[in-house]
Amino acid sequence: MLAIAIAGLLLHTYMFMRVGRSIRLVGAEHIWDVIITRNQFLFSELKYLPLLSGALLGLSQFIPEITNRRIKLTFHLPLREKTITTWMVGFGFILLTGLFLVQFAGLFTGMHLLFAPEIVNNGALTVLPWYLAGLWAYMACVFVAVEPTWRMRIPNMLLSTGLIRILFLSDFPAAYAPIPVLMFAGILLFVLFLWLSVFRLKVGRQ
Amino acid sequence: MILYGQTLISKGKIKTMENIIECRHLTHYYGDRCIYEDLNFAIAKGRIVGLLGKNGTGKTTTINILNGYLQPKSGECRMFGQKAGRLSPSVKQKVALLLEGHVQYSFMNIAQIEKFYASFYPLWDKVPFWELMNKLKIAPKQRISRMSCGQRSQVALGIILAQNADLLILDDFSMGLDPGYRRLFVDYLSEYAHAEDKTVFVTSHIIQDMERLIDDCMILDYGKLLLQQPVDRFLDSFKRYRMTSSLAPNWEKMPVVHPEKIRNKMEFYSDAGRQTIVQNLEEQGFEASDLQEESLTLEEAFIGLTGKY
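Each protein sequence line maps, in turn, to chains A and B. Number 206 marks the last residue of the first sequence (the numbering used here); no jumps. Number 309 marks the last residue of the second sequence (the numbering used here); no jumps.
Calculated directly from the structure, the hints in this document are not laboratory data. C-beta atoms are modelled at their ideal positions from N, C-alpha and C, and glycine is treated no differently. Hints are supplied without guarantee of correctness; some may be wrong.
[As the list claims (entries may be wrong)] Here are the simulated BS3-like pairs of lysine-lysine, each with C-alpha atoms no more than 30 Å apart in a straight line:
#, chain 1, residue 1, chain 2, residue 2
1, B, K126, A, K82
2, B, K54, A, K72
3, B, K94, A, K72
4, B, K224, A, K72
5, B, K45, B, K94
6, A, K82, B, K73
7, B, K224, B, K83
8, B, K137, B, K45
9, B, K73, A, K72
10, B, K73, B, K45
11, B, K141, B, K115
12, B, K135, A, K72
13, B, K94, A, K82
14, A, K72, B, K265
15, B, K54, B, K265
16, A, K72, B, K83
17, A, K72, B, K141
18, A, K72, B, K115
19, A, K72, B, K261
20, B, K126, B, K261
21, A, K82, B, K115
22, B, K83, A, K82
23, B, K141, B, K94
24, B, K45, A, K72
[What the hints assert, rightly or not] Residues from chain A that keep clear of chain B, each with C-beta distances beyond 12 Å, as calculated:
#, residue
25, L10
26, R38
27, A105
Isolated chain A (complex conformation) (with noise of 0.2 Å):
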């Protein structure tokens, strides 16, 4: 997690230093130009950094448990098997949301310095996902390897792919504006595939 956190740090102050130097070099009427005509994005770097954030977190998180087998001892914990993944994806959930909000801030707060408030709000459209692509990543990871077969756990993989591929069908800035409700209840859509690989791992499918 933490390595993840400065990967973010990293890419952060790499982005803003790039703009800024590129504020000082063409000035900023040019950078704003480009912004508003020409409808492109300034921190697209950022894309794909959620995403493997929440990839990286699950797997961390969860393929110890499964190669490990201590999945089994955890299961095994005086607890429904529900409470205690809720409590396991809870956990790295929270943690992740946190860690993406503070980047989502520190980018907001950033581009708030440097751009009129449409463009920030525009470019806050654009990243949310993004992020949300970070999230569905992280629960994507968990319903593939607390799945208990490989027979099942391919076209889990497959399926989640397809999904996460939606929220990156489009460049164009705030081009998922139209539907954050749909986005969020992606995320409700993984929980209920988890349950289910969960149900499959409790009751012992091989």
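Using the hints provided, position chain B relative to the given structure of chain A.
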């Protein structure tokens, strides 16, 4: 097979049995390979039962089915009356589980793991845990991942003893342990289980450890359960016989298992008793005057029953 409510007479004690574990008509396959078919067994309260078998006979499979980690092809297992895979938290609290390889949260140190488990078990008793840890002379802040296999086994044992559970399930506890740690493990567990009247279900392929520990043995062979019996009854009846003869009798007409003839020396195993063996041999025209009957250790009896191969 021990059935619900049956009375068992063992070591002079008479007990009315209440079954803690019941498995009925279990059948399981891995692909086309049959692990067992129509396996039935029950484990009564207060008994220490060893599930013995060669590698690949389905010991860990049985533990996995019992704990709901594996769904059998057919049949069902129940613990404390609840179906495997659907155990309530209150039943899970009564079952302490040691997984094959002493799997633990190895990123924790012993102080952390003690605190972690204590929060889940209301009857948690930290005394046996720290007693065992003090024997190991390891620092409370040493991570479990940096311990030897023997030390990890003692941490796992300490945890299951401290849970104060009614049923202890231990899957191949002896794996990777040197003789000293195996003895320490067995002596500690045996003392604890007998003193506290706990039920223990244990698997191992190192049979010599089991003889010091278990009351009843279940012996699995490829595809079936060969035997479920109190160990003392098994060892009282199951004997090895040796005799000298240039010819071999028709083994199929005799109640023996795994007969072997090397030159003129014959060796076989049976639970039919010396008199029956002599009678069988004489009916086939053999002189049985040099027939020797030998008592066996559990390990020898296990090999006699399941064969060397």
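Hints, one by one, checked against the model:
Under the criterion of a C-alpha separation no larger than 30 Å, the hint pairing K126 of chain B with K82 of chain A is consistent with the structure, at around 28 Å. Our distance criterion of 30 Å between C-alpha atoms is met by K54 of chain B and K72 of chain A, whose separation comes to about 24 Å. Of the pairs offered as hints, the one joining K94 of chain B and K72 of chain A holds, with about 16 Å between alpha carbons and a cut-off of 30 Å not exceeded. Distance check on the hinted pair: K224 of chain B and K72 of chain A sit about 26 Å apart at the alpha-carbon level, within 30 Å; holds.
Under the criterion of a C-alpha separation no larger than 30 Å, the hint pairing K45 of chain B with K94 of chain B is consistent with the structure, at around 12 Å. Using a Cα cut-off of 30 Å, the hinted pair K82 of chain A and K73 of chain B holds, with the two alpha carbons roughly 25 Å apart. As the CA atoms of K224 of chain B and K83 of chain B are separated by approximately 22 Å, the hinted pair is consistent with the 30 Å bound. Restraint check: the Cα-Cα separation between K137 of chain B and K45 of chain B comes to about 35 Å, which exceeds 30 Å; the hinted pair is violated.
Restraint check for K73 of chain B and K72 of chain A: satisfied, since their Cα atoms lie roughly 20 Å apart, inside the 30 Å limit. For the hint linking K73 of chain B to K45 of chain B, the alpha-carbon distance of about 27 Å falls within 30 Å, and the restraint holds. About 13 Å separates the Cα atoms of K141 of chain B and K115 of chain B, which keeps this hinted pair within 30 Å; it holds. Of the pairs offered as hints, the one joining K135 of chain B and K72 of chain A holds, with about 28 Å between alpha carbons and a cut-off of 30 Å not exceeded.
Between K94 of chain B and K82 of chain A the alpha-carbon distance is near 20 Å, which keeps this suggested pair within the 30 Å criterion. For the given pair, K72 of chain A sits about 51 Å from K265 of chain B by alpha-carbon distance, which is inconsistent with the 30 Å threshold. This hinted pair checks out: K54 of chain B and K265 of chain B have alpha carbons roughly 27 Å apart, not beyond 30 Å. A distance of roughly 17 Å separates the Cα atoms of K72 of chain A and K83 of chain B; the hinted pair therefore holds under the 30 Å criterion.
Proximity of K72 of chain A to K141 of chain B is assessed by CA-CA distance (about 25 Å); at most 30 Å being required, the pair is judged to hold. Pair hint K72 of chain A plus K115 of chain B holds up; C-alpha atoms about 20 Å apart against a cutoff of 30 Å. At most 30 Å may separate the alpha-carbon atoms for a hinted pair to count; K72 of chain A and K261 of chain B exceed this at roughly 47 Å. Our distance criterion of 30 Å between C-alpha atoms is broken by K126 of chain B and K261 of chain B, whose separation comes to about 56 Å.
With a CA separation close to 23 Å, the supplied pair K82 of chain A and K115 of chain B stays within the 30 Å bound. A C-alpha spacing of about 17 Å is found between K83 of chain B and K82 of chain A, which places the hinted pair at or below 30 Å, so the restraint holds. Of the pairs offered as hints, the one joining K141 of chain B and K94 of chain B holds, with about 29 Å between alpha carbons and a cut-off of 30 Å not exceeded. Proximity of K45 of chain B to K72 of chain A is assessed by CA-CA distance (about 25 Å); at most 30 Å being required, the pair is judged to hold.
The beta carbon of L10 of chain A sits about 26 Å from the closest Cβ of chain B, which is more than 12 Å, so the claim that it is off the interface holds. Listed as a non-interface residue, R38 of chain A keeps its Cβ farther than 12 Å from every Cβ of chain B; the least gap is roughly 50 Å. A105 of chain A, annotated as away from the interface, keeps every beta carbon of chain B farther than 12 Å; the closest lies near 31 Å.
Of the numbered hints given earlier, the model fails hints 8, 14, 19 and 20; all others are met.
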